[in-house]
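Trainee: One letter stands for each residue in the lines below.
Protein chains: 2
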Amino acid sequence: MHRPDPPQTIARLVGKPRASITEVLEARALANGERTFVLEAGRAFSYSESWDLSCRVAGFLRSLDIQGQTNCVASFLSKRSEGLWCWFGTLLTGAVHACLNWEHRGDLLADMTNRTGARLMFTEAAGWAQLSGLKLTGIDTVVFIDSIPPGVAALGLKVYTLEQALQNDAPDITHPEPGDVASLIFSSGSTGRAKAVLLPHNMFTRGGARLAESQGLDESDIIHDTSPLYHIAGQLHNTSMTLLAGATLAIFPRFSRSRFFAQVNEVGATYMGCFANVLRYLMSDPERSDDAYNTLRYVMVAQTREAESEAFAQRFGVTTLDSYGMTEGEPLTLPDPQNMPPASCGIVNPDFEIAILDDAGNRLGCGESGRIVFRPRVPDIMMRAYAGDDQATVKAWRDLWFHTQDIGKLDQDGYLYYVDRLKFTIRRKGENIIPAELEQVVRTHPAVEDCVAVGVPTDDGDVDIKLFAARVPGTDLQGDDIRRFVTGKVARFMVPQIVVVLDELPYTPAGKIDRDKL
Amino acid sequence: MHRPDPPQTIARLVGKPRASITEVLEARALANGERTFVLEAGRAFSYSESWDLSCRVAGFLRSLDIQGQTNCVASFLSKRSEGLWCWFGTLLTGAVHACLNWEHRGDLLADMTNRTGARLMFTEAAGWAQLSGLKLTGIDTVVFIDSIPPGVAALGLKVYTLEQALQNDAPDITHPEPGDVASLIFSSGSTGRAKAVLLPHNMFTRGGARLAESQGLDESDIIHDTSPLYHIAGQLHNTSMTLLAGATLAIFPRFSRSRFFAQVNEVGATYMGCFANVLRYLMSDPERSDDAYNTLRYVMVAQTREAESEAFAQRFGVTTLDSYGMTEGEPLTLPDPQNMPPASCGIVNPDFEIAILDDAGNRLGCGESGRIVFRPRVPDIMMRAYAGDDQATVKAWRDLWFHTQDIGKLDQDGYLYYVDRLKFTIRRKGENIIPAELEQVVRTHPAVEDCVAVGVPTDDGDVDIKLFAARVPGTDLQGDDIRRFVTGKVARFMVPQIVVVLDELPYTPAGKIDRDKL
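Residue numbers (the numbering used here), protein chains in the order written: chain A, 1 to 518; chain B, 1 to 518.
The shape of chain A in the complex, shown without the other chains (with noise of 0.2 Å):
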């Protein structure tokens, strides 16, 4: 029946295998009421107090008639404590919770604001300043974290602080059903405008025991959190992994890589998630004899390389792991780390179906790579749809499966690779060409640092395959090394008709070669 076996943490939590997430920090505030939740600038929040604080944010918006039509109430925050509380005490008076990305500026920031229907915006000073000069159609109350700007009484809005709305009572909590949606996240998309995608309570409780149980965290735990709540890995991998783990999550506003392991040692973190540009940071300072006297266990790293993985784990003493997923869809797989296969990205989670298909359709086998899909095995546990856009969720839905933009390969055993964006494939006489897999070939040649391979179009109307290499410093590669190097290694159509080398090459902020400027 492909019923997968639930996770034992809710039940035992709750007494039910399925729940909002708003039922699990109440249980935890039961339970471990004492516990620090949370770690902030030297401050402890113990789950009892968390909640509270939740709680009084829930009774301040019941107090005020801010539905509106959409049910939703956004934050334009800066990462920090208070961001948990706003978000919990939605989701408590059954409402939707859209937080707004902090970076954005201007037109999109407006745009976003609006799509997301609010009639109430938490926010700071410094958010406001960016707020103040934009056209936002539905926000008539702002709730400000610090303090209110000078101006903004004039403005014909109505003004709170925290502070007042925390003064409010907690009300009788009925808490919203697992399959209610709790979070708007707009996703960045790789192209075209950001979507709204709407996440489901059950997402968070049930991603969050899955991750906090296959790498084993609990209630000794402490994780390195600098993920922005405004992205699906702050909400499920760090807040809600750390909720069901009863673990401790210790934010910071930012990275820091000249203080990282003063803070992983200070607050004692166990675990941190990041980025492949993190490694690279800290793997770029020189090394000292106590890299690894450090308290970090695990460090959840998306889409790095393999042999980088390894160097950082090595020095830094840790155990480095991966997980696949994205904010329509988290986590599809789960870090496996007694198993761990090298270059995979984990084994697929038991509550979703992964396939591989080709260009038709069809599923493809074994090891074999292409477009990565999935559907769900339990209800509630992935997005219900792009909000405002129903032509792009069916398109993205054909056939039932959550059609992704990324090439994977499956192995035997369940574990997934991540192979490439499909976006970068390149068609040319009639052959799919994959990237990543000619740059891995390459990548093996001694004198190449890195590479990259694109698709430029020919006079004929079709395309060549264009690599670029940077060379080792101090070595003399050429085109035709490379060429020659790869031919044999990899099928006809693979071998490259131009090949550029250069003494680097450009990478963009998350740590990727930035293809645009090449």
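No lab work stands behind these hints, which were simulated from the structure alone. Computed from a predicted structure; not experimentally measured. Among these hints, one or two may not hold up.
Since copy identity is lost for identical chains, a pair holds within one copy or between any two.
Unchecked claim - Restricting the straight-line Cα-Cα distance to at most 20 Å, the calculated cross-link-like pairs of lysine to aspartate or glutamate (EDC-like) are: (1) K429 x D460; (2) K512 x E306; (3) K79 x D413; (4) K16 x D359.
Starting from the structure of chain A, add chain B where the hints point.
Mentor: Just chain B now, kept in the frame of chain A:
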């Protein structure tokens, strides 16, 4: 990997696992050109002739500029062979064909026609009598199958006869892709506006092959066909199945109770599909000694009762079969003539996954009744979307299952049992009562001819179970007899509060009890 073995017929015919339904028609014309595809009123159309007629229609359509924005061609036709050439001819141009329900009239007919976006309509003089007074916003070209009615010329339309259309030479054919949309069918839908269901080519090819293979149909079979082409049964069960089997379709304009067996024996029909009412009509005729002297082998009856079906099979010397499906996905189960368990509607089609869900979306186990949901295992074998109603599509596809409006159960061998329509479920004091499960027990009372249970509102805002029973003529059945009879045989919460005994129950034309009249 859950990749079902593909049906062999498609590979044998076209040398690949997927094909458009037009490729199948061409392959049949090449391989079995002289064999009869369609029999109608004493006239036989060979596969080769059918292909030629379809190509000529395609050539005609190509010669006009009628694609428009929706690339859809409509037809409003009685049951007749020409409907097939219009259907195949449209598909051969890469366009979508929308067959309109011949029974519709007035505003509803106008609304459906306009929703197709079609500019060209195939119809006949009797159809024009219905269409001519309607506000049709898109149609500018009309092709008459029979003759051009007087007065049409004055309307500023481009008007042709099919005879004129067939003067066109067959163009060079480029077949549509298997994933291209072939048909738009309006699903009657139990509530609200009819939905416009978009169905891909591969659904007809693959579904037709599954039906032909599961029942062992071949070129010796002759299908008695009165199913309208505007229903999925006409397009898929009868036409596509016949094509994939290489069999013969014997077309009759409508079901005739008095002439049915004469028709069957005259053409040598071995197979027919029908609804339960057809069984009842035929069974209500006086028995004759030669009842079983007919050429029929299989009768496929949708959603009949086991006892009815068995009595029919016995009397007329046929094997009765059932399958389950709907416009959006068909066939979801396959008849299994050798091993069909009593009351089952077949074994799950290996191309689909079927599950039974509870109210919260959790999967139920074998033998448990709940909502029937399905997913495809291979691409392009179910609806692409509801045209113009992405919201309804997203709602039906929640959690990436297609949510039917039916209750059913599965056994451990993968056979499906249809139980009831979901909307008939009675919710009383927190319990879900499925009327069909109560009715099945009541019907075992020797004095009960038939019965139906409904929920009726009570003063305190709950509902009571009200059972209507028809007594066997000559018996003195009372309501209390039924209450006593079921007590102990069903759960206490299923015992009806109100029982009304009548001499007979009202039925709909389709042979189901008419709840609206009760």
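Trainee: Hints first: check each against the structure and report whether it holds.
Mentor: Hints, verified against the model:
no., hint, result
1, K429 x D460, "within (11 Å within a copy, 73 Å between copies)"
2, K512 x E306, "within (15 Å within a copy, 64 Å between copies)"
3, K79 x D413, "neither (39 Å within a copy, 54 Å between copies)"
4, K16 x D359, "between (41 Å within a copy, 16 Å between copies)"
Going down the numbered hints, you'll see the structure goes against just number 3.
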